[in-house]
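Undergrad: With chain A held as given, fit chain B onto it using these hints.
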Amino acid sequence: MDLTLIPADVAKAHQAFASALAAAADLDALMRLKGEYVGREGSHAAGLMDLLKTAPKEQKRELGAAINGLKNAWEEGLKARQVELEAAKKRAASLASQWDPDLPPPLPARGAQHPLNRLMDRLVDVFRPLGYHVEEGPETETEAHNFDGLNIPEDHPARGSADTFYFQEHSGQLLRTHTSPVQVRVLKRLAPRIQELGGIRFLAPGRVYRKDEIDPTHSPMFHQVEGMLVGHGIGMHHLKGTLSYAMKALFGPGAEVRFRPSYFPFVEPGAEVDVRCPLCGGAGCRVCKGSGWVEILGAGLVHPNVLSYAGIDPTEWSGFAFGMGVERTAMMVSQTPDLRLFFENDQRFLKAMGGLD
Amino acid sequence: MLIERRALQVELPVLSGMGTVELSETLASLGFPVDAVESKDDQTVLEVDITANRGDALSHRGMARDLAARLNSELAPLFHVPLQEGAALFPVRLESEACPCYATALLDLGGHGSTPKEVVAFLSSMGSTAKHLPAVDASNELLHRYGHPTHAFDFDTLQGAVIVRWAKAGETLRTLDGVDRKLTGEDLVIADERGPIALAGVMGGDATKVTAGSKRVLLESAYFDPRVVRRMAHRHGLHSDASHRFGRGADPAMAPVARDLLAARLQAWEGAVLKGAWLAGALPAAPQPVSLRGATLNRIAGETLDLGEAKALLTRLGCQVEIRENALEVRRPSWRHDLSLEEDFAEEVLRLRGFDLIPSALPPLEGSPLPLSASYLQARNVARRLAHAGFHQTVTLGFISPEADAPFAEGNAAEGRTLGNPLGREYSVMRASLLPSLQAVAEANVRQGAREVKLFEIGPAYRSTSQGPQEEPVVALLWAGQVGGEDFLTKARPVQAADLLGVAKDLGAANPNPVKELAPGLLALEMPLAALPQIEDRIIPRFAPFSRFPAVERDLSLLVDLDQSYGALVEATEKALREAAGAVFQSVGCVDVFRHKSLPTGRQAWLLRLRFQAMDRTLTSEEVDGWVRQALEAAQGLGAELRA
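Residue numbers (my numbering), protein chains in the order written: chain A, 1 to 357; chain B, 1 to 644.
FYI, nobody ran anything at the bench for these hints, they're computed from the structure. One or more of the hints may lead you astray.
[What the hints assert, rightly or not] Here are the simulated lysine to any residue pairs, SDA-like style, with alpha carbons at most 20 angstroms apart:
1. Lys-289(A) with Glu-38(B)
2. Lys-211(A) with Pro-402(B)
3. Lys-188(A) with Asn-151(A)
4. Lys-188(A) with Pro-369(B)
5. Lys-60(A) with Ala-46(A)
6. Lys-351(A) with Arg-380(B)
7. Lys-182(B) with Gly-237(B)
8. Lys-351(A) with Ala-450(B)
9. Lys-211(A) with Leu-397(B)
10. Lys-289(A) with Glu-47(B)
11. Lys-289(A) with Asp-35(B)
12. Lys-12(A) with Val-38(A)
13. Lys-289(A) with Thr-20(B)
14. Lys-53(A) with Val-10(A)
15. Lys-40(B) with Val-119(B)
16. Lys-60(A) with Asp-2(A)
17. Lys-211(A) with His-234(B)
18. Lys-505(B) with Ala-389(B)
19. Lys-505(B) with Arg-380(B)
20. Lys-491(B) with Arg-110(A)
21. Lys-289(A) with Ser-24(B)
22. Lys-117(B) with Ser-128(B)
23. Lys-516(B) with Gly-481(B)
Next comes chain A alone, as it looks inside the complex:
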């Protein structure tokens, strides 16, 4: 293009046009650029048109051609850039309503049940198919329910104020030291209907209190799950069959049980129940102290005195009862090193150990 007749400032502007066009990042900037070069007034094009009007006649043709050339070049450039910018705008608009699917999505809130409650709920689920329902009793108990009804002698050390919490103003009332008083309550309540019911079977999970200082393996409050069955002709084999089923349901098919003779005043015979160590499968590990077995329950056949106390004829009815320490089992299964973690309730611990069903 011959720019000899074009004023120097416009020629310079023309040289800058390409880079100005590229620098117009959006449509607004492009419109401003358009006004600057080809606008009706005050633009380079308008200035050239004024120049053409006053130009000597012999130059008009040549100048006109040069001006047209410039105007065309600018308009085409502007139009092409406009198409480009409009496309970019459209694309951005479309992207703005899309999200990268890899962005972390909003998660529904996740809390947790307490691991001890989960374990107790699980036990209820395990025993439900055997026809056990859940019984609850108060934490505040009487000596009659907590001790007398369970064949615990009057001078038994567990009754002492060194072991059991008593209320100040109501000295006959105490915080239950085990879930076994629920046995007494349920037996007494259901005794009149026992023939019609055809026996009794229930689970009693709950909180109990003993006067232990808080340390890595003790807490003055802990949980037990009591189980009881009363029927006709109930023997130790039924206890073994039931606990064998339950431990397999809880720990898997490899969970054998072993009975060892023991003593609890409210059962006769009494047994400690070991389960084949669920962590090492019996090979011996730190949890089972190399023995391959872990003690998990106390159990036995219901003492005739317990049935009689509740008004049930022990010559007709017999039964078994068992009790599991929930913390102890939870610690064993999870290898939690310190009992206090269960009562500290750090949300991270609860999430990791309890979680959601």
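TA: Chain B alone, transformed into the frame defined by chain A:
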């Protein structure tokens, strides 16, 4: 209890062929788990756990007796030459039934010779230091070996007759441990004519103890009522080896035998000379026989057991057994106080056979199972729902300090909920509310850097009544910190009371208790579980018809005062809409609140959403417009105006 391996073997020679691991397993299978094994020098000591009913097993001989029965082997004979009993050299009077027999002997001490080395070593393995006074060391040795506690008095310190009697109030005794004991009428004492010289079955007196200078000793080997000894030991906080054994039931038949063995040791070790031996009182009569029916035995065992085998097993334990038709007539041995019911003997049969042999079977389902209780299901469901709503279930102690309890216990006296023997003041009151415990947990979590704390607990809250503390199951919720801000769609904002109310409403609380701000930003709410709906009996509720015609929603933007009561406004508009539209009116609710400086001072904008739906037709725009006008008028009556 400590058991020295070789001393056990002396009582039961067959054990020499058994390794310590096998011995421990055998003991465990008999009901005596071994807690620890310690080898020191050439001694191996087992720490054996003995249950409270087995006082008879608290010695090497006693443990060997059970092992012998299990292994069907013979105990070594007891080297016991019975002393020739004669007339009492001076009166020994038994004035209480708590001491039915009292074997005694008087010896002149030789004064030359001392406790043998091997006995010193044995005592040391029992954690006891020999005094090098044969009368004391021999008594101690006999206790560990045979389980029967004995005592020796320095006879020359005694005055007149020896009496076993109840103490008189005001009497005192300085026991061997140097402590002056105040006695009561419930203390059984050995006394001479001047006063008490020993706490019966618990500990001897200091003034009458045997010393290196003692010339003559009076031996005591008696039987004391276990309950009396237990109570005395408890009252005086004095748990001695003797009280442990008498308290769990000693063998009365061992009283004269232990005296004889003690005298024989003094004769052998230091050339003591027997001056006389006699028995005050009488040995208790042989126990009555108990009938163990075959049916009971088979029921407990879970299989038919041969009565002959059962008889043989019980006989090995020292019982006298006769077979009578389908039952065994069993007389327990004098050392087994724990055997009194037929169930007790059945257990012994199973124990000796081994619990491993008990078969395994599920019991028959006799009656119909009972349903899970509504209260249990409710608590379980509430817990699950809250966990899924992001709350963490806590377990906290039921007792707290009176200071923490007080702000939550209006009209609920702490005294009636206070423990008489708490672990400490901070654990002394059964809490009126779970909130103080939740607050402590929340603060600990915040200290640990949690951005958001969401906690709940289900448990009893305590209320004082004249009958004693009453429990009411409650659910407590706590929410604090920032909500959201964890993803690109949810903006972070502080938790508001409304968040917690929403959770309570979602659980079904019709009128939730107000939200409390326990500390700045720590919002909490507690309500009785009874305030929440229980599981319906009906699996699916009765059918209620619903409209298939479209619902119409209209939003009404109102300018109201900043202190406008929402309840009042909704009540007024609902009333107007019910009157105008009847059953077609479905609901009204605020869906947005706008507060901004562009609004007139003192005003805010509420966006009310009105919903209409007819059962039988599609609503027309005109009729809906009319109802909306009615709603607006009602709102205007309360000072609201339509926002332009």
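Undergrad: Given the hinted pair Lys-491(B) and Arg-110(A), is their alpha-carbon gap at most 20 angstroms?
TA: holds, 18 angstroms
Undergrad: Run the distance test for Lys-351(A) versus Ala-450(B): straight-line Cα separation, threshold 20 angstroms.
TA: holds, 13 angstroms
Undergrad: Take a quick look at whether Lys-211(A) and His-234(B) sit within 20 angstroms of each other, Cα to Cα.
TA: holds, 17 angstroms
Undergrad: Within 20 angstroms, alpha carbon to alpha carbon, are Lys-182(B) and Gly-237(B)?
TA: Roughly 12 angstroms between the alpha carbons, so the hint for Lys-182(B) and Gly-237(B) holds.
Undergrad: Within a Cα-Cα threshold of 20 angstroms, do Lys-505(B) and Ala-389(B) meet the stated pairing?
TA: holds, 13 angstroms
Undergrad: Can the restraint linking Lys-289(A) and Ser-24(B) be considered satisfied, given a maximum Cα separation of 20 angstroms?
TA: holds, 14 angstroms
Undergrad: Does Asp-2(A) sit within 20 angstroms of Lys-60(A), going by the straight-line distance between their CA atoms?
TA: holds, 14 angstroms
Undergrad: Holds or violated: Lys-505(B) with Arg-380(B), Cα cutoff 20 angstroms?
TA: The given pair, whose Cα atoms are some 18 angstroms apart, holds under the 20 angstroms limit.
Undergrad: Does Asn-151(A) sit within 20 angstroms of Lys-188(A), going by the straight-line distance between their CA atoms?
TA: holds, 15 angstroms
Undergrad: When you check the alpha-carbon spacing of Lys-211(A) and Leu-397(B), does it fall within 20 angstroms?
TA: Given pair Lys-211(A), Leu-397(B) holds - Cα atoms ~13 angstroms apart, limit 20 angstroms.
Undergrad: Hint check: Lys-289(A) vs Thr-20(B), CA-CA at most 20 angstroms. Holds or violated?
TA: Holds, because 17 angstroms separates the two Cα atoms, which is no more than 20 angstroms.
Undergrad: Keeping to a limit of 20 angstroms between CA atoms, is the pair of Lys-516(B) and Gly-481(B) held or broken?
TA: holds, 15 angstroms
Hint check: no violations occur; every hint is consistent with the structure.
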